[in-house]
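J.: Using the hints, position chain B against chain A.
Sequences listed follow chains A and B, in order.
Just so we're aligned, residue 3 is where the first sequence starts under the working numbering, counting upward by one.
Just so we're aligned, residue 3 is where the second sequence starts under the working numbering, counting upward by one.
Simulated from the structure, these hints should not be mistaken for laboratory data.
Just so we're clear, the structure is a prediction, and the values are computed from it rather than from any experiment.
There's no promise every hint is true.
Claimed, not checked - Think about it this way: if two alpha-carbon atoms lie no more than 20 Å apart in a straight line, the pair counts; the simulated PhoX-like pairs of lysine-lysine are: (1) K167/A <-> K177/A; (2) K317/A <-> K317/B; (3) K213/B <-> K261/B; (4) K306/B <-> K350/A; (5) K217/B <-> K261/B; (6) K317/A <-> K348/A; (7) K261/A <-> K217/A; (8) K320/A <-> K320/B; (9) K348/B <-> K306/A; (10) K261/A <-> K177/A; (11) K261/A <-> K213/A; (12) K317/A <-> K177/B; (13) K261/B <-> K306/A; (14) K317/B <-> K320/A; (15) K306/B <-> K348/A.
Protein chains: 2
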Amino acid sequence: MLNNHYYCIIMAGGIGSRFWPISRADQPKQFLDFSIQGRSFLRRTYDRMKNVIPEENIIVVSLERYRDQVRSHLPELPEQNLLLEPYNRNTAPCIAYATYVILQRDPEAITVVTPSDHAIARHEIFNSTLLEALSYAAGSDALITLGVVPTRPDSNFGYIQMAGKPEERRPVKIKTFTEKPDANLARVFIDTGEFLWNSGIFVWRADAIRKEMEKYAPEITNLWVGWRDVLGTGEQQAFVDRIYTDMPRTSIDYAVMEKTDNAWVYPAEFRWADIGNWESLYEYLAYHDADGNALNRTSRRLLKDCSDNIVYSTKEGKLLALRGMEDFIVIDTDDVLMICPRDEQKLKDFLSQLAMPEYEEYR
Amino acid sequence: MLNNHYYCIIMAGGIGSRFWPISRADQPKQFLDFSIQGRSFLRRTYDRMKNVIPEENIIVVSLERYRDQVRSHLPELPEQNLLLEPYNRNTAPCIAYATYVILQRDPEAITVVTPSDHAIARHEIFNSTLLEALSYAAGSDALITLGVVPTRPDSNFGYIQMAGKPEERRPVKIKTFTEKPDANLARVFIDTGEFLWNSGIFVWRADAIRKEMEKYAPEITNLWVGWRDVLGTGEQQAFVDRIYTDMPRTSIDYAVMEKTDNAWVYPAEFRWADIGNWESLYEYLAYHDADGNALNRTSRRLLKDCSDNIVYSTKEGKLLALRGMEDFIVIDTDDVLMICPRDEQKLKDFLSQLAMPEYEEYR
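One chain only, chain A, in its complex shape (with noise of 0.2 Å):
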């Protein structure tokens, strides 16, 4: 019987720009499918969560133009669990606006809140760990983000350092946040044993998550003033559309995470990956061949004289023939054909060359 408090807010408003041609403005990474598993990370987030929040209490926040992708991917989602934001304004206004909803609903709420398009991989141990978190969270005003145990020096995650030793069972009070380090500060980190990866998993009571945010983040909290007048009723969206309009554009870790007092990191041992980038990908995807290349599918495929490619097409049963090809990105969706270096500086620079307009209106 799983803890009537308990909710859930999944986050699946992401634009997705990191893996264009892949993700696109109306394609981003939380509807994909990277691996053979034919479920979308959002898919699999929603069926993660449920092993640990009653379904009635998962909400998903994404955005009015996703509406429909959201409703194919979780068909059986409450109408009334689907919030949609105008526009993406990074995770805090979106907490805000999910956090109101559940205190509506159950002043006594404790939440979690996970992005939509990460690998997570040992289920079990991820269960457990939430159900501690939440446990702990449950008894305190603790905000809680749960780091994962960093098995290599990677550069593409965030890293929280703890104030101490970590005991079993418990948080740790957060030291320091910091944004993707270079190769060789992050080899450093690892060898500290003092930091973990920002997994972007939060656990809380949602009053604590409100006051911090009302502390810290007023010109979000300002605009929800009244409230509790027009959630639940068929004022919401016009509300919510009218107030996203001045809505500033921050993340719940610089806006509240690293400002409060008690920011507190629980470490755990899941496996898990925000695919972030072409290499991480390469990793992810479901097929490697000896010659180290990595493909999306198995079938209809001739590698020959080829190695270390990643080779990705969105299109069913299309043949890949590709010969003399080496440590190159080969991308092909419906409209798009890019082929490019696997050197994520030559990846970044030729991107922005591309210029990509069908997200500029989305920035």
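T.: Frame of chain A, contents of chain B only:
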């Protein structure tokens, strides 16, 4: 006023496996448009011929399976001018069929035979050359091939050696036919001044080619015994389907032109190419950028650090974004992405591994 005795046979039954995966069993070269003209090779061949031949006298021979495609490319073609073979048996059977159809309509016919998938430019010279050759053929039994004055030692074309010096506006007797020579031999051919490119375009009186086919290719013409009673009746297609089960596979060059004493060549100065391999396609593609990349269209592309590639996408409007590619062939079709070094041998070897099962039944 065009001469009512002038007829044309457009041979449009090729299966075009050489440009796989652009050309396919269901989309051979004659139906493609490699240029930006918006007209297929077949359409352009037809339009070219109707400057010289009355439209009602233009006969198209294709395969039954291409019926709908021919109709869509040539909607004005009268039903009785579309002849459909059940299988492709090379040029000699195709020409025999159309010649009997023409002879039944007009025993005095003088006929141009032309492939449907060649590239031709300088249309005024083409038209005047054809008219001169038709006029000459009308008064003789000569079997005339148009021989294009070569502009380079191309080893991808067949050559015809003239038996003597050409005179103005007269054909020359043919001394030898040579299939694709190697590069050195092609150079020798050019230096002698005695060789012309074999255009595959023929001009002759219908009764003259009939007589020579009956003499040198009775294995074909014997199957046509009784043709006068069948052609133009409801029995025609069933008759053709029946006799083609025994029809030998042979070219008109091999079956007749290399054997007859009446083989002539008419030197021609129009621009001509049988785009029979990727290198000739490279020359012919619509767009060439300053770095030597050839593309089939000019819009929606970003090529960076790319040189001397052939880039071809069948998808209108698809963005082609390539970086760091040199001397590659990149072909994107609906169901195949092929990337291979621009090297005929590597390509040939690679394509043979791809098996192309769709062609096997037609070979």
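J.: Just pull the numbers of the violated hints for me, sorted ascending.
T.: The structure conflicts with hints 6, 12 and 13, although it agrees with all the remaining ones.
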